[in-house]
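Student: This is what each chain is made of:
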Amino acid sequence: MSRPFPYAYISCPCADTPVPDPGRKRRSRDPSHKSDSTAPVPQNYDFEDERTFDPRSPRSNFSLYPPEQLLYCEDCHQIKCPRCITEEIVCWYCPNCLFETPSSMVRSEGNRCARNCFNCPSCTAPLAVTTLENVTGGGSQQGPWVLSCGYCMWTTLDIGIKFDKPTNIRTQLSKMTDTSRGRQMSKTFSDLKSPLSTYSSIDEQFSSGVDNRGDTSSPTNETSGPLNPEARFQALKNFYKNQIAATSSSSSDPLTDFGGGISSPGALNRIMSLYTSSSRLSSLYGGATKKPKSKPPVMREALTASEGLKVPPPDAETALIQRMASDDCGWDGMASIDQRCFQSPDARFVEDLLPLPVLLRTKRSKRCKSCKHILVKPEFKPQSTRFRIRLIALSYIPLPTLKPLIPSPYAGLPTVSPAISSTIAPNLDALSPLKTVQLLLTLKNHMFDPVRVTLATPSVTPGRVASKVTILCPQFDIGANSDVWDEALQNSTAPGSTDQRGSRSGTLGSSEKVAEAGKVWDKGRNWTTVALEVVPGTLPGGSTTTTAATTKTRKPAAPDSDDSDDDFGFDQNTASLDWSGQSKDPNLLPLQPDEDVLEIPVFVRLEWDSENQIDQEQSVGRQTSDTVKRELAYWMVLGVGRISPEVL
Amino acid sequence: MPPKVAKGEYIETDTGNKISRRSQIHGTQHIILGGKTVIQAEAVIRGDLYRSSTSSSSTSSEGTPGSPSVAITIGRYSYISKQAVLRPPSRLHRGVHSFYPLKIGDHVFVGERAVVEAASVGNHVHVGKDAVIGSMAILKDFAYVLDGAVVAPGMVVPSWCVVGGAPARIVGEVGEGYGVEGAEGGLARERYRVVGR
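Residue numbers (this note's numbering), protein chains in the order written: chain A, 1 to 648; chain B, 1 to 197.
Heads up, some of the hints might be wrong.
Listed next, the in silico BS3-like pairs over lysine-lysine satisfying Cα-Cα at most 25 Å (straight line) [claimed, not checked]:
1) Lys237(A) <-> Lys175(A)
2) Lys18(B) <-> Lys82(B)
3) Lys18(B) <-> Lys381(A)
4) Lys310(A) <-> Lys103(B)
5) Lys468(A) <-> Lys403(A)
6) Lys175(A) <-> Lys165(A)
7) Lys18(B) <-> Lys403(A)
8) Lys175(A) <-> Lys372(A)
9) Lys103(B) <-> Lys18(B)
10) Lys310(A) <-> Lys403(A)
11) Lys103(B) <-> Lys403(A)
12) Lys310(A) <-> Lys237(A)
Incomplete in silico selection of chain B near chain A, CB under 8 Å [as the list claims (entries may be wrong)]:
13) Ile25
14) Glu42
15) Val44
16) Asp48
17) Gly148
18) Pro153
19) Tyr178
20) Gly185
Rather than coming from a laboratory, the hints here were simulated on the basis of the structure.
Virtual Cβ for every residue (Gly too), placed ideally from N, Cα, C.
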């Protein structure tokens, strides 16, 4: 979901985990490596805080989030992104019928809806239970029922399935698919669950009396036909489980209980025996010394159909091919790869497609990964949209919104010629280079304490397309998010606030207001708007003079690091384009995807006095009577627009 | 707020609905607007497709006979973009083709050229532009339909889920902060305020 312009993303600080220092020099020499490591290497000063966040760095992809997706941990006093939380399932529900499925049932029956919810095997749209007989009156709707897709018009009639009653379709269907495909009705899961590891002679030497009752059922099972896929899977699973149990119990190695649940105990035994035989611990175990001589037990594969073996008939392949080539099948008769992904492996034709019971979804509670503090706890009921706990970042950090300031007809700025400046809002999808755009950044405070904000931005955006950015008022205060009633009362008593509001919205239409440096644009109860001036840079395909100019401006900002000078030159190239390492001249390279997007990294620093809570010793600053000075800092990226290639 | 000029783009009703003069609204007596709803130009709202009382004798949920049956209900601060089409859903029930009411909740956004035939659209639902919501679909609160998605008839989109594609599938979830006033999903008041200025 890419957002339309303008947008504001917030970078979670968790991506700033410092990279170990020794690797830095090598990375800066090797541009191909650098693309996946810290991108702002050229700006890498001695201390980390001084780095400029590069929104174009590949790493930024993983740290930038829209503000509403971020959480906030009150214990860590930190923004938490989806990477810094753990999730726990609160409940399972079907997204179609919105009924909850108990987790015990999910474990036993699988995570699919056990009711009448199915997805179309052909197009994945939900299927509806419909009757075949359109009885006009009377209510005698006893006709056969089918599942039909409202999107692609697929019905279960296409695979020759009708249902007797409109309820409990899942069980009806599972019965039908067993019988209609010539499977044994008598064979249910419970039959198959009996461990059947004692038939063959190979088994005899391993079976240490695990199970011998399989002998009674073996004649029937041997004669039975092939199983349906689910039953075969169960049989194979049981078979392997027994194999592991049998092989590990027959060996004398005391360490095999480590490998009990692992599919290849022999391999693990060998590894573990390396330790036991060489260490002094081996003397503690009686059998350990002679163990290397005994051969690791052999695991066999399934041999009979009841163990899950399926031997296709010898002409199965040719029959399939002939059927594919026949006229009545054709291309349309074949199931597509996408369709087959959700079907049994044997399904090759559209006639084999079975309706898919809807996969369940979950409601999850979220915890902070570092302190295990719970951040989000939804209500248990699947239908409820309420939360018991919801610590979203928006309640703690000011919500940024960006708007273009519609230029007024005055010729205030010397760069803007009066001909260009019009009352029309700038087209953010095609910003003309070198033409100043003014933007309004509103920060809205949701905390109950007033916040002092400091914004900082590099004067030139990182990357090849260097746009100049000026925040006209980088330091300002935002009022507290006081009671809404306060605002209402203010509105009734003092008309000033309503006027402000009106004036702000009035400025959206046509502004007589001039953005001044050092002054906030507008201010409300809990929000403050400041103006930004942006001069979009030219794209590399255009004139090279501006890019040369920007390299000049960039050079003083470059680090006087101990890296050699040619390193630095390389850095400049590769920092601006992260993925195309070996280029010599960045200006000659074609425009990379989304390189023309004008994104401004803004460093936000918040300071506020919050009420002291009991368990917060790690809070920043000294404690005054019962308030604590807090601060929070993070990077934010403002997506202004896309720069058009033509210089107007 | 200054009174509207008579020949503005929008008609503003007593309850604050802003309805473009260029919208096409049929069967107005069967449409309920909750107030502060915005209906943009060339939007089509088919209030004339209401359930006729003859066929609704058996399962009439709404209503005393005589009162006009409601075809479309739209909640507060909902926004119907340009060229969007709202049609009550219909179904063939016992051989009779009949319409059912379309209920749209509060703070709903319907994008440009979207076609909505849902049975119910919850609060804070976003329907992207060019999306198609099939007949009798249900969009629960805070559902998010991506641009160009085709929600199959009868589909249920659970709360907080993002659906996209044709046919639409659940492709993700919106964040917990979705719908907070002023943030994504909570811009309905702001949207309403700037209309007609």
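Student: Give me the numbers of the hints this structure contradicts, sorted from smallest to largest.
Tutor: Checked against the structure, the hints that fail are numbers 3, 4, 8, 10, 11, 13, 14, 15, 16 and 17, while the rest are satisfied.
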